[in-house]
Each structure stands twice: as C-alpha cells, then as structure tokens.
Amino acid sequence: MITRIARTAGFSGLLAALLLTLLQSFWISPLILEAETFESPAPAGQHEHDDSAVAAHEHSAEAWAPEDGWQRVLATTGGNLVVAVGFALMLAALYSLREPNRVATGALWGLAGFAVFCLAPTLGLPAELPGTAAANLGQRQTWWIGTAAATAVGLGLIVFAQHWLLKVVGVLLLALPHVIGAPQPSVHESLAPEALATQFKIASWLTNAAFWIALGLLSAWLFRRSRQA
Amino acid sequence: MPITSAKHSIATPVSLSQRLVIAVGASLVGMCLVYFAGFSHIEAVHNAAHDTRHSAAFPCH
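Quick mapping for you: the protein sequence lines, in order, are chains G and P.
Going by this note's numbering, the first sequence opens with residue 1, and the numbers climb by one from there.
Going by this note's numbering, the second sequence opens with residue 1001, and the numbers climb by one from there.
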C-alpha cells in the first residue's frame, strides 16, 4: 500500500509539475518578470519605498537566490516538483481510503484540490504579483492554512456525509473563513499596474486549475494501474 | 496447506486502522513538502521557490 501511494504520488507529481512549469514559463513567469521591473530598486541611496507599506523584495544580501535565466527556471521547477508531489501524496492517501472507480473520478478530486488550495484562499488573498502591499506574512499564512483546512473538511462533509445536518455544517465551514475575513493591508498599493495584476490573477487561476485537473487524472490513472503491483 | 496460507496472506486486505495510519502518514508527509516549498521562512528556500509561490497564490513576502 505504501509503495502504491509513493509510486502514484511520485510519478503523477513529476508529470503534473512538468506541465505546471511549461504553463508558467509561457504565461506566469513573463508577468512576474514584468512586475519586477516596476520594483527594481531606485539608484543607490534613493530608496523611495523604504518606509512605505509596499512590500518590496526584502532579499537579504547573504541569502542565496537563483540568477535570472536557467537557474531561476530550474529552481522554480524544483519548487513545483516538491509542491506537486506533496499534493499528490495527499490525493493518493485519499485514494487508498476511497479508490476512484474510474480515471475520470480523479478529475473531480483534482477540482476539489483546486477549490481547497487555490480557489477558496484566493477569494480572500488573491494571487499577487511581486511588489504588492499585503498584511503581515504570518497572519496571511495562518488564514490561508485555516481556509484550506476548513474548505477541505467542509467539502468532505457536503459530499460524503449521510446526515443532512452534517452537510449543513459543511456549508458553514466553507463560509466561515470568508466571514472572518482575510488579513488585509492598511493601504492597498501595488507597484505594477492594475491591468497586469488582473491578468496575473486570471493566469494563476487557469494555470492552477489545469495543474490540479491533470494531477487528479494522472494520480487516479496511476493509482488504479498499480493495483496489481 | 502452507501454499494456501501463503497465498492467503498476500490477498488479505490491510486492516482499516492500518490503512488509516498509512493514509494519515502519507498526507502529513505531503503537507510537510508543500509547507517546506510554499510556506517556509528560510530565505534561500523562499528565493528558490519564489515563482512557484506566486504562481500557486501562496502568501509570499
């Protein structure tokens, strides 16, 4: 069983991460790079944004960062791979408890993953380009994780619970994080123009949706295929 | 007789509690991976996975 989960997660994560990297290279990365041209530091000694609310890149000099070009693409591919295998492990774990009876069921699991890890959190904290003002990172991460957890449990109850009362609890759980509200910055500011930010949000949604559907289908296919193994 | 029992042990489904432990364990490992790449505060990890984080709409910076 462990081998089956690991094999499913490894291969489906790898393939979905490659797809994600491809989509990012053509659509997401150009937008990020364009946004970064707006936040490139002013000539030495003239940091205009030093004490503004704008979250400029605070990369300390000592920390390693990939250089633009192949190094950055490679680092992003690695990041995608780790995240994709992580998500695939969660999917495969769920399959081990509730095996999808068709490969197409995997697409539904993928869509659920998209709803939990992308759609619900971005309703409160939209995908941001570098150089966008935002509330405290820790608070946003906490809200993000709480929202994903509440959405996951809520969806699970709505789909699988037998009793109508539990389904109602599921709906309430879906709504709860948005009633509480995501942490917001005191001033909404962005270095990049709004049109670019909107384009980035749409690009991020569609890319993530494609990634999740692919991950769901691939993992369901591989999980069913390795039944005899 | 030994042959049948051997065959049997292969076909025996893993018990529910074992399956639950494996599933929870695998999910936890998965969450750790996502947390490491997407939420870790280590500067070098942040820089490396920077575009992944923005693309996935994880809180960054």
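Hints in this document: simulated from the structure, not taken from any laboratory.
Hints are supplied without guarantee of correctness; some may be wrong.
As the list claims (entries may be wrong) - Here are a few chain G residues that sit away from chain P, every Cβ distance over 12 Å (derived from the structure): (1) Phe11; (2) Leu33; (3) Phe38; (4) Gly78; (5) Val103; (6) His178; (7) Ile180; (8) Lys201.
Unchecked claim - One side of the interface only, derived from the structure: several residues of chain G facing chain P at Cβ under 7 Å: (9) Val82; (10) Gly86; (11) Leu97; (12) Ala197; (13) Thr198; (14) Ser204.
No residue lacks a Cβ here, since even glycine has one placed at the ideal position from N, Cα and C.
Restraint check, 7 Å cut-off on beta carbons, for Val82/G near chain P: holds, 4 Å
Hint check: 7 Å Cβ-Cβ cutoff, Gly86/G to chain P: Holds, because the Cβ-Cβ distance from Gly86/G to chain P comes to roughly 3 Å (cut-off 7 Å).
Consistency of the no-contact label for Lys201/G, given chain P and a CB cut of 12 Å: Lys201/G is in fact no farther than 12 Å from some Cβ atom of chain P, at 8 Å.
Given as non-interface: Gly78/G, which should sit over 12 Å from chain P by C-beta: Label violated. Min Cβ-Cβ 7 Å, cutoff 12 Å.
No chain P beta carbon within 12 Å of Ile180/G's: Correct as stated: the minimum Cβ-Cβ distance to chain P is 16 Å, above 12 Å.
12 Å Cβ clearance of Val103/G from chain P: holds, 20 Å
Nearest-CB test (12 Å) between chain P and Phe38/G: Per Cβ check, Phe38/G is outside 12 Å of chain P; nearest 14 Å; holds.
Reported absence of Phe11/G from the contact zone with chain P (all CB gaps over 12 Å): holds, 15 Å
Nearest-CB test (12 Å) between chain P and Leu33/G: violated, 9 Å
Nearest-CB test (12 Å) between chain P and His178/G: Nearest chain P Cβ is 16 Å from His178/G, so the label holds.
Agreement of hint Leu97/G with chain P interface, Cβ distance less than 7 Å: holds, 5 Å
Status of the Ala197/G interface restraint (C-beta, 7 Å, chain P): violated, 12 Å
Checked against the numbered hints listed earlier, the structure breaks hints 2, 4, 8, 12, 13; every other hint is satisfied.
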